[in-house]
Amino acid sequence: MGYTPEMKELIKRVEATRPARMEKARRGENFPALSLEERAVVLEKFHPDYQKEGRRPIRTGPDKGLVLPEEIASMLESRSMLRPENVDLSNPDFETDVLIVGGGGAGTSAALLAADAGVRVIMTTKLRHGDANTMMAEGGIQAAVQESDSPYYHYMDTIGGGHFTNQSDLVAALAHDAPLSIAWLESLGMMFNKFPDGRLISRHFGGSSRKRMNSAGDMTGAEIMRVLRDEARNRGDQITILEFCPAVELILDEDGKCAGAILYNMETREFFIAKAKATIIATGGNGRLHIKGFACTNHYGATMDGVVMCYRAGVGSTCLFSTQYHPTGVAYPEQNVGLLITEKVRGLGAHVLNIDGEQFCFPLEPRDVESAELIKEALEVGKAVITPTGRYGLWLDSPMIDLLHGEGTVRRELPAKFIQFERHGIDISKEPMLVYPTLHYQNGGIAINADCETTIPGLYSAGECTGGLHGENRLMGNSLQDVITFGRRSGAAAARYVNGGVELKKLTLDHVVKYEKELVEAGVENPMVAPILLPDYSTDEVASRRLLEIQGKLEAE
Amino acid sequence: MSHHHDSKEPKQKKKVQVATGDRAILPEGATTIPVYIMGKRYEVPETLTIMKAMEYAGFKFLRGAGCRGGICGACPTVYRKPGDYKLHFGLACQTVVEPDMYLAQIPFYPANRAAYKIEDLEPNPEIIFSLYPELFRCVACNNCTKACPMGVDVLGYISALKQGDIARAAEISFDCIQCGMCASRCMGELPQYHIAQLARRMYGRAIMPRARHLAKRVEEIESGKYDEMLKSLQTMSHGELEKRYKEREREPDMAPNGTWLPANDPYL
Amino acid sequence: MKVSYYPGCTLKTKAKNLEDAAVASMAALGVDFEELTRWNCCGAVHSLADDDLIHQVAPVRDLVRAMEQGSDKVVTLCSMCYNTLARANLLMRQDEVKRKTINDFMNEEKDYHGEVEVLHFLNFLRDQVGWDTVRNAVKVPLNGLKVAMYYGCTLMRPRNVAIEPIGDTRIMGEFLEAIGAAPVDFPEATTCCGSYQILANPEAAHDVSGRILESAIRAGAEAMVLSCPLCEFNLSKKQPEVLKKNKISREVPVYYFTQLLAMALGLGQEACRFDLNSECSVELLKNKNFPV
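Chains as they are written, first to last, in my numbering: chain G, 23 to 579; chain R, 66 to 333; chain W, 7 to 298.
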């Protein structure tokens, strides 16, 4: 285990350039960052989002004509799991004030704020409560909490990092609420990294002008999720949690208001009608669609269910064509390929290096730019390491961290990452890591405003499934802040709407019928059935032996 | 019918495969090894994690898979190796398959959890004792620590709590992913990971000092200090935004938090 | 010689005065007294399994911790912890079969054969520090304070772990004399305080506690010293109920022996922690003009 002898030889080149680089780092000198014009050039040429192939206009729905990645377009041009004519909506199995679809950071924050406002909540989640990308976010959560910073700079960094394509009301809401979110989490008992006097430890990150990244070890998201989940469990009288029970279709009423959703118990394969005065979609991202075949850092359930259901009901999207590739996914060892190495590693001062141990980019560019620079170094310059399994890798010089901040910093600040590599015989406080960009985040999604409202009354959305906040590129630490800020906002807004008095009319699935008719008219042949709920990783050989499934598909066609 | 490759069969020369997404392939040069999934034999490529190996064998997870990155606690797996009486524990997404391992996943294990109102709790160990009296059923057998796939010193934090040291328990238990393996092995029937969660929240809320600068910032925001500033940014022209973005001053890397303040900054 | 100090859970929660006083006293006596960096409960918990060997796992693990740190002695203050650790140690030294079973069960630890010696603090004071050292260090002799020496059971029973041969118990008297107090022997000095009966059958516990207090009063004691938090609970914390039930009219101040030591060494309230004792305990010392 550990690095092969050949790779250990290559590491010597990294070690050879390290003393000179360390001296520069101690003086506060960095490899120069790109200008806005230079960023545009490298993105255009090397970022997967900017490539033409693998994209096409969508043929149906509110965003008809919008050019999207093939995987997303075909998932939106899909038909329902249900046959609407066979569904009896007159006897709901559940009735509640607020139905929350998704049990991650946004959904759970929404549930707590809605409960605070005195309404009854059902939170339904596809896997276990807390099985979500929130849990996996490592590096931190942005909030302008230090005296050197303010919501103004949070706004500026965010909108500049998003190349000025962000939806401005959402950015302003985020910058405004972020410190409130941190104070809320602190009062719930989250263990932030702090100095002995209680001051939050805030760090730089890619695209930051001020130190704004707050964290809890290198498992910030996991700590947030544990605390929120524990708190939701304390509110059992108001919050009912249904696990392994995803929503598969929205229900509207005759006036076009959202009236709940149809749930699917994945274990018993039963469908249930959940009638709700307000519904919040917080289903997370789409990494498990594996756009362009990239490995991904996402949770097993990240299959874009919420966007699909909302799109079918007539809710359009914002920036849905944009996907974030995290610049530093694991390239070696093979068992960890695709897994995220938090940006915090670079925030703590680690350099990104080519095969000769040379720096070729500023390590803290916005993520899309950083990714494009790594891809360029591999494809155009040709100075990437080739791993034993034939993958590209560039060095991330993690041993610099202990040298810069003192022995033991890696273990203390990156405990989970340390363990993960130690399992495979690599001590990242002594040896650098091999990295390459990996599919990380759904930048765009369901269109909302700053109160998390969609175009359908009574339908709200929050978190990674929404679009606009990050524009076409998200900064580190804005995703965790997104789920808390907008999770809280959606819960409060939905409760306000319910408390204002909601009269639901007769329930209907006519929007599904209408959308499927549109598919036929647009000539979409053999539409897939979505949401797909979970990815299928069976090998071709296994799939070819699944005779019943093959037969089922033939009959459907 | 078993379909594993027998060593006597001629190996087919495969063309080079490229792994896409998370679908496992038989990597070039890798051979297959037998593993026993809940007692049943499957041939899987060596070097894969248990999770990917099970998917390679044809399993589709409903329970027992989560983040696939070693942090969510959905895939704890217990296994034995040939000729070794010991039970081994690991996360399916992090543990590499070994020849002839016998494995089973334990995706859920029931454990008692006490409800409480965090705002009413003083950071007092007596409160933990009263919510979880079973704490004192611990006989220090250490099975919890041996079962932890994250290497957490579970007996260490349970001991710290019995000693009334909430802070120490919070620190020791920080890497807990709440998979429940400790509770599954406990002869005192303790729900260690729930007790630790309570300790961490007490610690984070009432023992760690609060961030005073954060409280001040919250006050400023609630007083509306930044409202006009943020409003004007929302209507600002692209050109002006870009200009201001370029002009931002970057806080020096090595300046400790709370020490660097730009002079005459109207936006703080 | 390297000595590890094993505190026990109760000393960290409900009997801080037992510990703080001892630790401060050791510092004042110039003794290096280092708490084990890792330790668990001594194992004095009620039964979980029929096989009593499991009860030995906890104390043996603590002894392994001491061995790991390179100590040949481990000192403890609480009578119950002392008893549990000492008996486990004896078992590991004497019973080869059980030793092997326990070592096999705890196979994640180093094998243990009784390498470490378990000492009660009183023995440690007498044999390692010496009464003369104590006497010379006394700044506030407890002149004229008549103190009943309560041993309870766990310092004395079973015989093979008794801190002194039964029938020839002098250690508490020597200790009290060294700090200038007047030891008072009394017939019920080794009678059980009622122990855990206080939970299941409090009346019965109050009966024996009453007998002990009465006996001490009759022997002319003004106060009582002890070394066990459970005895302290029954005889002091529960004293109001005990006095009422047994129609005893006089309160008996109760102290941990370490507190009197600390006071005699001239250490302040921070070390003595009389704030955690009953009111009458503080009053008595005030009346005697001791620095409380």
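Wrong hints could be hidden among the right ones.
Claimed, not checked - With a cut-off of at most 20 Å between alpha-carbon atoms, the simulated SDA-like pairs for lysine to any residue come out as follows:
1. W:243 to R:191
2. R:125 to G:290
3. G:216 to R:324
4. R:296 to G:190
5. W:244 to W:274
6. R:146 to W:18
7. R:182 to G:262
8. W:18 to R:312
9. W:18 to R:199
10. R:211 to W:253
11. R:308 to G:209
12. R:151 to W:112
13. G:46 to R:315
14. R:146 to W:113
15. W:18 to R:188
16. G:314 to R:88
17. R:182 to G:209
18. R:311 to G:262
19. R:125 to G:186
20. R:151 to W:109
21. W:18 to R:311
22. W:116 to R:194
23. W:243 to W:256
24. R:311 to G:209
25. G:216 to R:275
26. G:216 to R:273
27. W:116 to R:218
Unchecked claim - Estimated spans, in silico, between C-beta atoms of each pair:
28. R:163 to G:412: 20 to 30 Å
29. R:174 to W:146: 49 to 59 Å
30. R:307 to G:45: 49 to 59 Å
Because the hints were derived from the structure by calculation, they are not lab data. Quick caveat, the model's predicted, so the values are computed rather than measured. We put the beta carbon where it would ideally sit given N, CA and C, even for glycine.
Structure-based check of each hint:
no. : hint                       : in the structure
1   : W:243 to R:191             : holds, 17 Å
2   : R:125 to G:290             : holds, 16 Å
3   : G:216 to R:324             : holds, 15 Å
4   : R:296 to G:190             : holds, 9 Å
5   : W:244 to W:274             : violated, 27 Å
6   : R:146 to W:18              : violated, 42 Å
7   : R:182 to G:262             : holds, 17 Å
8   : W:18 to R:312              : violated, 57 Å
9   : W:18 to R:199              : holds, 19 Å
10  : R:211 to W:253             : violated, 54 Å
11  : R:308 to G:209             : violated, 38 Å
12  : R:151 to W:112             : holds, 12 Å
13  : G:46 to R:315              : holds, 17 Å
14  : R:146 to W:113             : holds, 17 Å
15  : W:18 to R:188              : holds, 15 Å
16  : G:314 to R:88              : holds, 14 Å
17  : R:182 to G:209             : holds, 12 Å
18  : R:311 to G:262             : violated, 48 Å
19  : R:125 to G:186             : violated, 42 Å
20  : R:151 to W:109             : holds, 15 Å
21  : W:18 to R:311              : violated, 57 Å
22  : W:116 to R:194             : violated, 32 Å
23  : W:243 to W:256             : holds, 15 Å
24  : R:311 to G:209             : violated, 37 Å
25  : G:216 to R:275             : holds, 9 Å
26  : G:216 to R:273             : holds, 8 Å
27  : W:116 to R:218             : holds, 17 Å
28  : R:163 to G:412: 20 to 30 Å : holds, 24 Å
29  : R:174 to W:146: 49 to 59 Å : holds, 58 Å
30  : R:307 to G:45: 49 to 59 Å  : violated, 35 Å
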